[in-house]
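Construct all of the structure, not just a fragment, from the sequences and the given hints.
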Amino acid sequence: MSFNQETCEVRGCRITLKRGGAGPRLLYLHGANGAASVRPFMQELAQAFEVLVPEHPGFGGSDEPDWLDNIHDLAYFYLDFLEQLDLKDVLVVGASIGGWVALEVAVRDTSRIRALTAVGPLGIYVPGLKRGDLFLWTPEEKVRNLFYDQKIADQMLAQPATPEQVETEVKNLYTLARLAWEPRMFDPHLAKWLHRIQVPAQIIWGEHDKVLPAGYAAEFKKLIPQARVDIVERCGHVPHTERPQEFARLVREFAAKN
Amino acid sequence: MNVMLFHLMPYADLDLEEADKYPHSWVTLPNRLYDPKKGHALYNRYLDEMEYAEEIGFDGVCVNEHHQTCYGMMPSPIVTASALARRTSRAKIAILGSALPLRAHPLTIAEEHAMIDNITGGRLISGFVRGIGCEYHAWGVNPTYSLARFNEAHDLIVRAWTEPGPFEFHGRHFHFEYVNVWPRPYQQPHPPVWIPSQGSRETIEFASHPSRKYTYLQTFSPIKAVAKQLQSYRDTAKRYGYTSTPAQLGWATPLYVGDTDESALAECAEHYENFRNRYLGKMPMEMLMPPGYTSRESAKAIVAAKSVAHEKAETARSNELGMMTCGSAKTVTERLIGYMKEIGFGNLLVMLQFGTLPANLTRRNMERFAEDVMPKLKQAAKELYGEAATS
Numbered sequence: 019m020s021f022n023q024e025t026c027e028v029r030g031c032r033i034t035l036k037r038g039g040a041g042p043r044l045l046y047l048h049g050a051n052g053a054a055s056v057r058p059f060m061q062e063l064a065q066a067f068e069v070l071v072p073e074h075p076g077f078g079g080s081d082e083p084d085w086l087d088n089i090h091d092l093a094y095f096y097l098d099f100l101e102q103l104d105l106k107d108v109l110v111v112g113a114s115i116g117g118w119v120a121l122e123v124a125v126r127d128t129s130r131i132r133a134l135t136a137v138g139p140l141g142i143y144v145p146g147l148k149r150g151d152l153f154l155w156t157p158e159e160k161v162r163n164l165f166y167d168q169k170i171a172d173q174m175l176a177q178p179a180t181p182e183q184v185e186t187e188v189k190n191l192y193t194l195a196r197l198a199w200e201p202r203m204f205d206p207h208l209a210k211w212l213h214r215i216q217v218p219a220q221i222i223w224g225e226h227d228k229v230l231p232a233g234y235a236a237e238f239k240k241l242i243p244q245a246r247v248d249i250v251e252r253c254g255h256v257p258h259t260e261r262p263q264e265f266a267r268l269v270r271e272f273a274a275k276n
Numbered sequence: 010m011n012v013m014l015f016h017l018m019p020y021a022d023l024d025l026e027e028a029d030k031y032p033h034s035w036v037t038l039p040n041r042l043y044d045p046k047k048g049h050a051l052y053n054r055y056l057d058e059m060e061y062a063e064e065i066g067f068d069g070v071c072v073n074e075h076h077q078t079c080y081g082m083m084p085s086p087i088v089t090a091s092a093l094a095r096r097t098s099r100a101k102i103a104i105l106g107s108a109l110p111l112r113a114h115p116l117t118i119a120e121e122h123a124m125i126d127n128i129t130g131g132r133l134i135s136g137f138v139r140g141i142g143c144e145y146h147a148w149g150v151n152p153t154y155s156l157a158r159f160n161e162a163h164d165l166i167v168r169a170w171t172e173p174g175p176f177e178f179h180g181r182h183f184h185f186e187y188v189n190v191w192p193r194p195y196q197q198p199h200p201p202v203w204i205p206s207q208g209s210r211e212t213i214e215f216a217s218h219p220s221r222k223y224t225y226l227q228t229f230s231p232i233k234a235v236a237k238q239l240q241s242y243r244d245t246a247k248r249y250g251y252t253s254t255p256a257q258l259g260w261a262t263p264l265y266v267g268d269t270d271e272s273a274l275a276e277c278a279e280h281y282e283n284f285r286n287r288y289l290g291k292m293p294m295e296m297l298m299p300p301g302y303t304s305r306e307s308a309k310a311i312v313a314a315k316s317v318a319h320e321k322a323e324t325a326r327s328n329e330l331g332m333m334t335c336g337s338a339k340t341v342t343e344r345l346i347g348y349m350k351e352i353g354f355g356n357l358l359v360m361l362q363f364g365t366l367p368a369n370l371t372r373r374n375m376e377r378f379a380e381d382v383m384p385k386l387k388q389a390a391k392e393l394y395g396e397a398a399t400s
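So the protein sequences, as listed, match chains A and B. Oh and the first sequence: position 240 is 258 in our numbering, straight run, nothing missing. Oh and the second sequence: position 295 is 304 in our numbering, straight run, nothing missing.
Read the hints as simulated data drawn from the structure, not as lab findings. Note that this is a predicted model, so its numbers are computed, not measured. Don't take each hint at face value.
[Stated by the list, open to error] Pairs of lysine to any residue residues, derived as SDA-like cross-links and limited to a Cα-Cα distance of at most 20 angstroms, are as follows:
#1 309/B <-> 263/A
#2 385/B <-> 340/B
#3 309/B <-> 158/A
#4 160/A <-> 225/A
#5 309/B <-> 182/A
#6 309/B <-> 161/A
#7 222/B <-> 172/B
#8 309/B <-> 149/A
#9 160/A <-> 297/B
#10 309/B <-> 174/A
#11 160/A <-> 305/B
#12 240/A <-> 206/A
#13 210/A <-> 160/A
#14 46/B <-> 77/B
#15 222/B <-> 247/B
#16 309/B <-> 155/A
#17 46/B <-> 57/B
#18 101/B <-> 120/B
#19 309/B <-> 184/A
#20 160/A <-> 294/B
#21 309/B <-> 79/A
#22 309/B <-> 153/A
#23 233/B <-> 347/B
#24 309/B <-> 178/A
#25 160/A <-> 46/B
#26 30/B <-> 287/B
#27 309/B <-> 225/A
#28 309/B <-> 175/A
#29 160/A <-> 309/B
#30 309/B <-> 187/A
#31 309/B <-> 81/A
See below:
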């Protein structure tokens with residue numbers, strides 16, 4: 019399935035936007051590592067959906083607008099984005115920080131959202147559930163701690179990064195810190211308003227997530243009671259990357275019922 | 010020539026064997042390794058050392074700010090400076106510096122510095138820093154706003170000291186309806202401001218700007234880097250259209266004076282290596298350079314080099330590089346005068362206690378330096394710069 023990349027301008031902020039596949043519309047909001055390239059899970063999703071993959075402002079090939087100070091700014095940006103592209107009945111899928119953005123969007127307005135899938139989302143804090151600190155992890159730990167299957171980490175670590183990849187990696191890390199350094203990876207006000215999400219919701223979590231432990235899935239379930247929770251066994255923080263087929267199957271299954 | 014004693018107040022009684030079990034000496038080193046009874050003795054020993062510095066002729070004493078580390082027991086240099094304010098009567102007290110971006114309310118710095126300036130009748134030297142990268146982990150402040158918060162807090166503090174209050178201040182990070190600081194500083198228009206740095210283009214441009222002409226201090230660097238950065242300050246001042254004076258340039262360095270070159274090295278080596286390798290050095294890049302703390306160009310270079318923050322230091326080698334200076338009084342005097350002629354600094358900040366250097370060696374180091382090195386250095390500076398050039 020081939021993807022096209024275009025540049026999309028929303029109120030003066032230019033972002034990259036990849037599109038591929040056919041079917042119901044699916045907006046994928048990427049995590050901290052960005053979405054510079056088309057990845058296997060996107061191909062999987064594109065077999066059942068028309069997949070839209072923007073790079074967030076501040077990430078990859080997208081602009082770094084002056085107004086980007088916090089996660090709320092990103093949420094309002096995506097509300098503008100949905101309006102401008104006049105997207106309706108969209109399935110929004112967000113991973114990690116992208117899952118957090120999806121939740122922040124949905125507490126504000128779900129009028130254009132049919133259903134929501136959050137994959138290991140950041141955004142809330144639960145005392146006693148030990149989180150990882152990726153700002154203190156070494157470059158190697160940052161790769162290893164994402165995966166349950168260390169063979170995947172070995173392969174990634176064996177490939178030297180190109181200068182373009184280093185450029186993107188540093189840009190993404192700087193934006194991540196801008197958005198999520200303090201409070202660390204959450205918004206103290208989000209949990210108060212998650213009940214406003216009334217559309218069908220799905221929480222997917224890797225059983226062995228070292229960024230945010232899978233115990234967070236049950237906490238989200240308390241705050242979004244209608245959510246369906248899928249725990250992916252033998253998997254770390256990024257089920258879409260570590261188990262792309264199973265991930266796509268879970269999303270398709272959820273979408274088919276909603 | 011201003012000769013000042015710089016103290017870090019390290020937790021010298023650290024159980025080194027126990028501390029070696031932990032990967033870092035900053036941020037995450039468990040504070041159960043700090044014993045308050047030993048801390049009590051150390052605080053008082055170090056304050057005594059700084060008071061003694063005035064007694065034996067130093068022009069001033071310097072304190073600084075670091076958080077959550079055995080490297081220094083001064084999370085608040087304000088407390089140290091305050092303790093010294095009434096126990097000294099002649100020496101300058103330099104706060105090098107207060108970490109502006111870490112304060113939620115930067116007017117507290119304007120107030121506290123002004124209080125010390127008033128109590129001491131104008132003996133305060135203010136210093137402003139961003140804090141090192143570790144501070145942003147320890148303190149939680151977002152490092153991507155570090156530079157912006159520094160600049161905004163600096164402008165606010167200087168305006169609070171110099172403009173008639175009350176006035177409004179609404180920046181991007183700090184908001185005040187009534188800026189009207191009591192007390193106003195004793196020194197007018199405000200206390201001198203010194204900027205300690207490891208050397209960056211932006212910092213040198215900021216400090217040397219004609220509207221500021223702040224004294225720039227190169228800290229703990231090989232002598233070649235000291236020469237390069239201080240020359241860069243002079244060049245930048247030229248480009249701004251003025252000639253900087255030696256008083257605008259300073260150098261901070263660990264130093265040890267012994268009876269002979271050999272005994273000096275033998276006495277201080279272990280303690281200096283503890284300072285570098287155990288107190289300062291156990292700091293990974295992720296701590297030293299959190300995202301946003303440096304320009305993205307520097308961050309890319311670091312990713313590419315996959316480097317560690319510090320290589321293991323060895324005292325004899327550090328002495329050769331001029332990272333530190335040790336030797337007999339004669340050797341040390343000759344080297345310092347040589348550096349002064351070559352580099353042209355008007356402020357010398359000597360750290361005469363470092364790492365685990367115990368009280369008796371610290372005292373002897375201070376006395377040898379004050380008696381056998383400092384007078385010759387001051388005489389040489391007078392000949393080189395003229396009587397008034399550095400005061």
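Going down the list of hints, with the structure as the test:
1. 309/B <-> 263/A: 34 angstroms, violated
2. 385/B <-> 340/B: Holds. Residue 385/B to residue 340/B sits at ~12 angstroms (cutoff 20 angstroms).
3. 309/B <-> 158/A: 16 angstroms, holds
4. 160/A <-> 225/A: Roughly 18 angstroms separates the two Cα atoms, so the pair holds.
5. 309/B <-> 182/A: Holds, because 10 angstroms separates the two Cα atoms, which is no more than 20 angstroms.
6. 309/B <-> 161/A: 18 angstroms, holds
7. 222/B <-> 172/B: 19 angstroms, holds
8. 309/B <-> 149/A: 27 angstroms, violated
9. 160/A <-> 297/B: 17 angstroms, holds
10. 309/B <-> 174/A: The hint holds at about 19 angstroms.
11. 160/A <-> 305/B: 19 angstroms, holds
12. 240/A <-> 206/A: Holds - the C-alpha atoms of residue 206/A and residue 240/A are around 16 angstroms apart, at most 20 angstroms.
13. 210/A <-> 160/A: 31 angstroms, violated
14. 46/B <-> 77/B: 18 angstroms, holds
15. 222/B <-> 247/B: 12 angstroms, holds
16. 309/B <-> 155/A: 17 angstroms, holds
17. 46/B <-> 57/B: 17 angstroms, holds
18. 101/B <-> 120/B: 18 angstroms, holds
19. 309/B <-> 184/A: 7 angstroms, holds
20. 160/A <-> 294/B: 13 angstroms, holds
21. 309/B <-> 79/A: 17 angstroms, holds
22. 309/B <-> 153/A: 16 angstroms, holds
23. 233/B <-> 347/B: 13 angstroms, holds
24. 309/B <-> 178/A: 14 angstroms, holds
25. 160/A <-> 46/B: 40 angstroms, violated
26. 30/B <-> 287/B: With a Cα-Cα distance of about 11 angstroms, the restraint between residue 30/B and residue 287/B holds, given a limit of 20 angstroms.
27. 309/B <-> 225/A: With Cα atoms ~33 angstroms apart, residue 309/B and residue 225/A exceed 20 angstroms; violated.
28. 309/B <-> 175/A: Satisfied, since the Cα-Cα distance of roughly 17 angstroms is no more than 20 angstroms.
29. 160/A <-> 309/B: Distance of about 16 angstroms is within 20 angstroms: holds.
30. 309/B <-> 187/A: 9 angstroms, holds
31. 309/B <-> 81/A: 19 angstroms, holds
Of the numbered hints given earlier, the model fails hints 1, 8, 13, 25 and 27; all others are met.
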